[in-house]
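**Student:** Listed below, chain by chain, are the residues.
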Amino acid sequence: LGRLPRKELRAVHDNDLEAFLERLGILEAIKEKHLTCASCGSIISLENFGGVFPIDNNVGVVCDRLECMAPLLRNKGG
Amino acid sequence: VNVESIVVAAVPSTSLLGVIIYLLKNPEKAEKWGALFARGFAGLSDASERRSVSGEIQSDINTFAKDVTGKVDASILPYGIKIKWEKSDNVSYESFVSEGQVVVRMRNHRNQARNLALATVAYVQAGFLPDARPHFDQEVSNAMDTAMARKILLDRRRSDALSIFNKEMLTEQTPMAARMSKIMQDLDAKGLFNEMLLREMADLGKRLTGIAPTEDSRKEIRDFVVFCEKLTEKEPGEDVSPDFKKKLLRVSIVLIAKSKTYAERGVMPHLNWVDKCLKEEMDSIYICATGPHIRAARELDALLQSYQSVRRIAEHSEKVLGQKGEIVNGICIVYHRLA
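As they're listed, the protein sequences go chains A and B. Here the first sequence stands for residues 1 to 78, where the numbers follow the working numbering. Here the second sequence stands for residues 1 to 339, where the numbers follow the working numbering.
Errors might be hidden in some of the hints.
Stated by the list, open to error - Which chain B residues face chain A? A few, computed with CB under 10 Å, are given here: (1) ARG50; (2) VAL53; (3) ILE57; (4) GLN58; (5) ILE81; (6) PHE96; (7) GLN101; (8) VAL103; (9) MET106; (10) ASN115; (11) LEU118; (12) GLN125; (13) GLY127; (14) LEU248.
Unchecked claim - Have a look at the derived ranges for each label pair, beta carbon to beta carbon: (15) LYS230/B x LYS33/A: 47 to 55 Å; (16) SER45/A x ASP89/B: 23 to 31 Å; (17) GLU18/A x GLU233/B: 48 to 56 Å.
Since the hints were made in silico from the structure, they are not lab data. Think of the CB as a built atom: it goes at the ideal place given N, C-alpha and C, for glycine as much as any other residue.
One chain only, chain B, in its complex shape (with noise of 0.2 Å):
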């Protein structure tokens, strides 16, 4: 038997078969795939045409819905994108007038800018936070799907595209919605966005599915919202724990910036922080910290990991922007009190 024979006929199935399973795992990507084959014969065919526009917007949208849903949590962005394109003869006046379904145009793939600024949209409006929505206000509403929608656009480097959302969705906002959208910006640059506020967002969407909204709660969120904006807006080398104590959200922040602080009491100030945090039933702890002061994030964080009244829900590093507007390593870690 030659052995050489048997391995060099396997190695190609091996790899056929890593592929198959690879495209099972990850649909967005053959998607993808899909698409740009499609547009090859997009000249020849409508239903190409038809299969190169819409397959690269569901492997875009879908792509960055299912890396969230994995990194941080299913209910903000619970749902994919399916494109389902209108037949001619398949729509009469009285069937379109009576099922009460919206149709957009897409264009040509040349214009596919458009196509994904157009599906952004429509895919934020209809699936982002869907438990949480309905007890936002207008304000809190608008400035969170234009936040997600310029994430998704910048998540998939289509700078075309966000320029026409840019250009045609940010020209009437309100003074409070322009304020809560750059708040919301500033918390991405410093990868809370995500992290603190969209998991508070679909936490607080679970609890309250079946729910009605009240104007308390449109208030509350709105309030924890702008409050946000302290965490943002903090000074170099300053150790601040903001947090938001109210009845529906009970967050706490400790953010670690001051080396003297740890240069001469290690963690204790912030895990005696920490200690009064849970006296006074705040149920979300987050323990950010940049470049050189990760070391203290982790020092406190072991520490609580021996703690029995809370539960370690997540730990999320990525590169964000410092407080003097440099790139540096970014951590938080996220704790949930037991009740």
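Chain A on its own, in the form it takes in the complex (with noise of 0.2 Å):
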């Protein structure tokens, strides 16, 4: 009743994140500083982190610039 269908958007809070990090194997690597945003290239940190997605059998990440999630998010969450 007076509802819209809803699309999702998948997402994992703050409080759960290094859990959720390390579930992927991706945690120490964020930790380190070894990983870069797959969009601006700039270093990937616990604080810049911005999201995560699968690629090539692998997992790729961004930085938390707005500029940097929107291709990721196109037609895959929201």
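Put the complex together from the two separate chains, hints included.
**Tutor:** Structure, rendered in structure tokens:
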């Protein structure tokens, strides 16, 4: 009643972030600043981590700048 | 029987029933209240913290989508948004890689402006004009998304989120994308972004569903957006009725703005123009006016209602930006030609 069908946006909350990244096996790499943003190339840390996506049987990451996240979200999130 | 006590007893239950019906009809409002309530316990439980973040975002975006859906066209924003929280114990490297899903980070509710800006970007990218979108080129698509995301954040009065959006999303626009964004902002100030541009795109999306996009269709839509610039650059007191006559889009906009024409000849010049448009098989005719010219628009509207060859689709009134930058009443009446 009175409700639009909804599209899911999958998200991880800050409180669960480290455990989530640990399960994906990339927490240490992020803490040691070994990963870069797939869009702008900046070094990813726990402070600027924005999102994660699968790519070629691997895990890609982007920083938290909206401009870097937008292309990733096209037709995937929301 | 004490009638007064029966009435007194019935009032709370009637009020409660009214509240329940209201919340069933407006689940977004219930979500907002739930989020605010959860915020009180956010420091005590992770579930409340997540609820406080997701509930408020869902409420803001879904309220906006429902409003546009109800007032203009359901296919502009046909979906709402739901934030699905990932729990670490449900995820593994293998499942994540094979499922092909993007997961974004949401921050604590104290940083809700960034969360809302991000969710709005995600929502617009995936849920805005999904039928028409394949027919947009990249610059049209970006300009549309930017205009809609800004509109959502402005509508929800979230200047903090809008500031993040402006700072992080508008840094590397091409000159053409910036021009298109400006056209859309100006159209919105005149009340024509939703009422004309999005309405036309929604109709187009329905007509083109299942049809592969072509370079021609992309170019035509791009040309249409640029054509809209004519509507935003009109000089004060100038009557213009620009039309766009191509293969997919055949649109005429009657902008009534000249008191002298109306004083001398009434609405006849405008009616003659509409007749000409119908002969030329224009599919959509928009009659727009502001301030004192609304009277002429109403007169024209009354005459057109007796026409067998058109169907009155909608009428929309709102405060808009006038020709001299002042806030005035505006009206837009939409007609479609019957085939």
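**Student:** All hints are to be evaluated individually against the structure, with a verdict given for each.
**Tutor:** Evaluation of the provided hints:
1. ARG50: It holds, given that the least Cβ distance between ARG50/B and chain A is near 5 Å, below 10 Å.
2. VAL53: 7 Å, holds
3. ILE57: 9 Å, holds
4. GLN58: 8 Å, holds
5. ILE81: Constraint on ILE81/B satisfied, holds at 6 Å.
6. PHE96: Holds, about 6 Å.
7. GLN101: Cβ of GLN101/B sits 5 Å from chain A, so the hint holds.
8. VAL103: Cβ of VAL103/B sits 5 Å from chain A, so the hint holds.
9. MET106: 4 Å, holds
10. ASN115: It holds, given that the least Cβ distance between ASN115/B and chain A is near 9 Å, below 10 Å.
11. LEU118: Holds, about 6 Å.
12. GLN125: With a closest approach of 4 Å, the GLN125/B hint holds.
13. GLY127: 5 Å, holds
14. LEU248: Not OK, violated: LEU248/B not within 10 Å of chain A, min 23 Å.
15. LYS230/B x LYS33/A: 47 to 55 Å: Holds - the Cβ-Cβ distance for LYS230/B and LYS33/A, about 52 Å, lies within 47 to 55 Å.
16. SER45/A x ASP89/B: 23 to 31 Å: 25 Å, holds
17. GLU18/A x GLU233/B: 48 to 56 Å: At roughly 53 Å between Cβ atoms, GLU233/B and GLU18/A fall inside 48 to 56 Å, so the hint holds.
Going through the hint list in order, the structure does not satisfy hint 14, though it satisfies all others.
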